[in-house]
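Colleague: The listed protein sequences correspond, in order, to chains A and B. Heads up, the first sequence is in this note's numbering, so the first residue is 1 and it goes up one at a time. Heads up, the second sequence is in this note's numbering, so the first residue is 1001 and it goes up one at a time.
It is possible that some hints are incorrect.
Stated by the list, open to error - Estimated spans, in silico, between C-beta atoms of each pair:
#1 P1093(B) with I105(A): 23 to 31 Å
#2 I81(A) with L1085(B): 44 to 52 Å
#3 P129(A) with L1054(B): 16 to 24 Å
#4 L92(A) with T1098(B): 42 to 50 Å
#5 R112(A) with W1105(B): 29 to 37 Å
Worth flagging that the hints you see were computed from the coordinates, not collected in a lab. Each residue gets a CB set at the ideal place from its N, CA and C atoms; glycine is no exception.
Here is how the chains run, residue by residue.
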Amino acid sequence: MNYTVMTYLGYLAISIGLTIWVAQTLFKNGRVFLVDVFHGNQELAGSVNHLLVVGFYLINLGYVSLMLKLDLAVASPQAGIEALSAKIGWVLLILGGMHFFNLLIFSRVRRRAMLFDAPPPVAPDACIPCREA
Amino acid sequence: MRYLTVLYDANCELCRNIRAWLLQQPTFIELRFLPAASDAAVSRFPGLDHQRTLSELTVVSDTGAVYYGSKGWLVCLWALREYRLWSFRLARPDLLPTSRRFIAWLSRNRYKFAGISKFLAKEQASWQT
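Use the sequences and the hints to build the structure in full.
Modeller: Rendered as structure tokens:
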């Protein structure tokens, strides 16, 4: 096993581990948010949460696997660590971007839900008894 | 709250066209319309100052809450699916005075806006085809 293959294995182990960790974080903490958005409908919240996490996994693992190939053979442990660090750096940035994108989706969904329930923006000027039409 | 009754000035072309536009919009809360100070409006809301409804747009909810003038406009926006967010933006403390002034100005000059009315009417005709 040469340095290049070892770098690849290290890259896969770290980036897959990171993806799982971020996805789990999203899954655990996103749920609370979604339950609130869907007015306590646990089942729907769980389902949407699961679908979001699946999308998250697909995009990240796809990216990780596309980014695997190194342009040149790794000659020394030092070069291996440098190459690994650059790759992991990109993976982290993409993971971070995806994570904030997910948060954006959550907050959009939540804002919509809150608008739906919101009382009028202004208080009435008067109140009258009302006869049914 | 299930529906809002909008008392509009039926003698004003702009108001009639805005009413037609509102009727086209998807709503959270149903909008119903009655010409201001008409017999129907008076019998429906006996406790209301109908003279005032002729000079200011008036919106009455089914629960009896009355919104005059700029508040009425904001409540109309609030009832619309696409514009509810805007009703909150325009009602923010820093924007509310400007919203009020604009609506008051528009309201004062409503008989002069035949041009806008025609534009709205044309828009509406193009949606219907």
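Colleague: Next step is simple, just say for each hint if it's right about the structure.
Modeller: The hints, checked one at a time:
Between P1093(B) and I105(A) the beta carbon distance is about 30 Å. The supplied range of 23 to 31 Å therefore holds. For I81(A) and L1085(B), the Cβ-Cβ distance of about 50 Å falls inside the hinted range of 44 to 52 Å, so the restraint holds. Restraint check, P129(A) to L1054(B): a C-beta distance of roughly 22 Å satisfies the suggested window 16 to 24 Å. Roughly 45 Å separates the CB atoms of L92(A) and T1098(B), a value that falls within the hinted 42 to 50 Å.
The hinted window of 29 to 37 Å between R112(A) and W1105(B) holds, with their beta carbons roughly 32 Å apart.
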